[in-house]
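Participant: Take a look at the letters that make up each chain.
There are 2 protein chains.
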Amino acid sequence: MKMFITGGAGFIGSHLADTLLKDGHSVTVYDNLSSGDKRFIEHNLQDKKFIFIKADLLNLPEIKKEIKDYDVVFHLAANPHVRLGETQTDLDVNQGILATYNVLEAMRHADIKKIVFSSSSVVYGETNEPSLPETYGPTLPISLYGAGKLGAEGLISAFCGTFDFQTWIYRFANVVGARGTHGVIVDFIDKLKKNPRQLEILGDGKQCKPYLYVSDCVSGILFGFTHFHDRVNLFNLSCDSTTTVTRIAEMVTEEMGLENVTFNYTGGIRGWKGDVPRFQLDATKITTLGWNATLSSDEAVRRAIRDVLHAKL
Amino acid sequence: MKMFITGGAGFIGSHLADTLLKDGHSVTVYDNLSSGDKRFIEHNLQDKKFIFIKADLLNLPEIKKEIKDYDVVFHLAANPHVRLGETQTDLDVNQGILATYNVLEAMRHADIKKIVFSSSSVVYGETNEPSLPETYGPTLPISLYGAGKLGAEGLISAFCGTFDFQTWIYRFANVVGARGTHGVIVDFIDKLKKNPRQLEILGDGKQCKPYLYVSDCVSGILFGFTHFHDRVNLFNLSCDSTTTVTRIAEMVTEEMGLENVTFNYTGGIRGWKGDVPRFQLDATKITTLGWNATLSSDEAVRRAIRDVLHAKL
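Chains as they are written, first to last, in this note's numbering: chain A, 49 to 361; chain B, 49 to 361.
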């Protein structure tokens, strides 16, 4: 099939591109390289089945010009930094909501009907539920990033209802692994490289979340796409375990071979305004049909630490 | 208190302005009169406690200039026509999502923290539930209008989580009554004035929804605002009965004194792409604390028909 990936030079998008090419599909990557990195797709540039377009999704005429004759659009482009919305409040409105609208409009004009979307567990906001199923409501995100994802979900769903689109929406756990450019693992490694004797940890370190290894994330995306055929197919995508922030700090110091590192907690239950301190996702909907994460949350974190330390691409 | 109402010259907004003035508050109405009507606020223009600003919410510098020193913002401005998104796909993105973002940004800059928002039952999309509670999920709207409301809810919720805003979000049933400028009642009356012998009814006429009279809607908004004090207070606002489209057609012909009107159904279960054909809202959350609609759905429809026929303002 002919696949179009927005954000296809980014962390998850570039892994998805690799897998789709291996599976024999043609892949076009559309990326402005704001968070993506050309090194993540370099190995595919000579492949005749691979096209790279450096362009911005906020440019509607450009995306309309490029999205033509594809079977499926995988829409993964977004601001990846949950925390930035605190200081740049329009970032997720633009990169999350307006960019998604432009993708949908371009698809509508090109009569392309299938869209796969990377949403996030942060749409649920902060809840008292021990484990969140897809049926949990109301979804009240506490970050602008979460609002961007929820707004995008709504637009995609509306295009399904109004223009007969079909969608696969995935609410991801924290995805980690090679090519990861941000998040707690990268932060800790950066800080410890600067000062290997102490580590500042945002919050109380008890924040506890599921971490999903990037190859499991890609396998889940494609499993859902292959096995579910409703108009709107919405899934949580997660392993069934969680890892605390302090445990991540311990694993990072272990993997870096550091000893006697002092952990300095900034305090409070959350890392920053808009951080959801504790959650778990109930992924029963997709696991019931046979998909499972191959790595636990701790295993995913440890492998991701090694990937980042060894600059694995 | 000093109240700011976006869309305050519109159908619901102007009734809310009347009630707040009667209750002794100062009221500023911000409206671009695209759907609002100056006749709806004319009787208040001499009131020293009333200010009218004709301006657009998509003009961020303008709204930033005007939103200052208010206690509460009632954000009711929106495209009111659910159906228009089918042909103007950017309408609800702009009037629903971007306008809401601008209101929130202006409030943040002015350090105003309380926002009351008119959402809609259409955020739920099409479901198999006999009656929808606020906890129903996932919310998968089938209209662009619904996507606009869901996106706005998400942004408001994110500003609560990130900037300590407090909100009261109401998911309205179909609101009807004096000053109603659109919807099935107005459509039927317009059609029958042109041709009193037959009436085209979109769909099969079995579409069945709750209709809430506008004064009940306003009393519910203010009841929730007074009685609930969480960070995010989200409610369904509805009576506990429903009315079919055919029943509305019958009541309109009765009230117009017409006999032997032929009903011509266009067929299909819904009026148009994006129309949710059947739903009921579970408003237990707010009724448990003592609010109730004074009119049933049928009573609300009949009174609204009379209001429109007698051009009541």
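Bear in mind the hints are in silico, worked out from the structure with no lab data behind them. Any given hint could turn out to be false.
[Claimed, not checked] Sample of chain B residues facing chain A (criterion: CB under 10 Å; computed from the structure): (1) 93; (2) 94; (3) 95; (4) 134; (5) 141; (6) 172; (7) 183; (8) 189; (9) 191; (10) 197; (11) 199; (12) 206; (13) 207; (14) 217; (15) 248; (16) 280.
Note that CB positions come from ideal geometry on N, CA and C, so glycine has one too.
Participant: Now tell me, hint by hint, if it's right for this structure.
Facilitator: These are the hints, each one checked on the structure:
no.: 1; hint: 93; result: violated (35 Å)
no.: 2; hint: 94; result: violated (39 Å)
no.: 3; hint: 95; result: violated (35 Å)
no.: 4; hint: 134; result: holds (6 Å)
no.: 5; hint: 141; result: holds (5 Å)
no.: 6; hint: 172; result: holds (9 Å)
no.: 7; hint: 183; result: holds (5 Å)
no.: 8; hint: 189; result: holds (5 Å)
no.: 9; hint: 191; result: holds (6 Å)
no.: 10; hint: 197; result: holds (8 Å)
no.: 11; hint: 199; result: holds (3 Å)
no.: 12; hint: 206; result: holds (4 Å)
no.: 13; hint: 207; result: holds (8 Å)
no.: 14; hint: 217; result: holds (9 Å)
no.: 15; hint: 248; result: violated (22 Å)
no.: 16; hint: 280; result: holds (5 Å)
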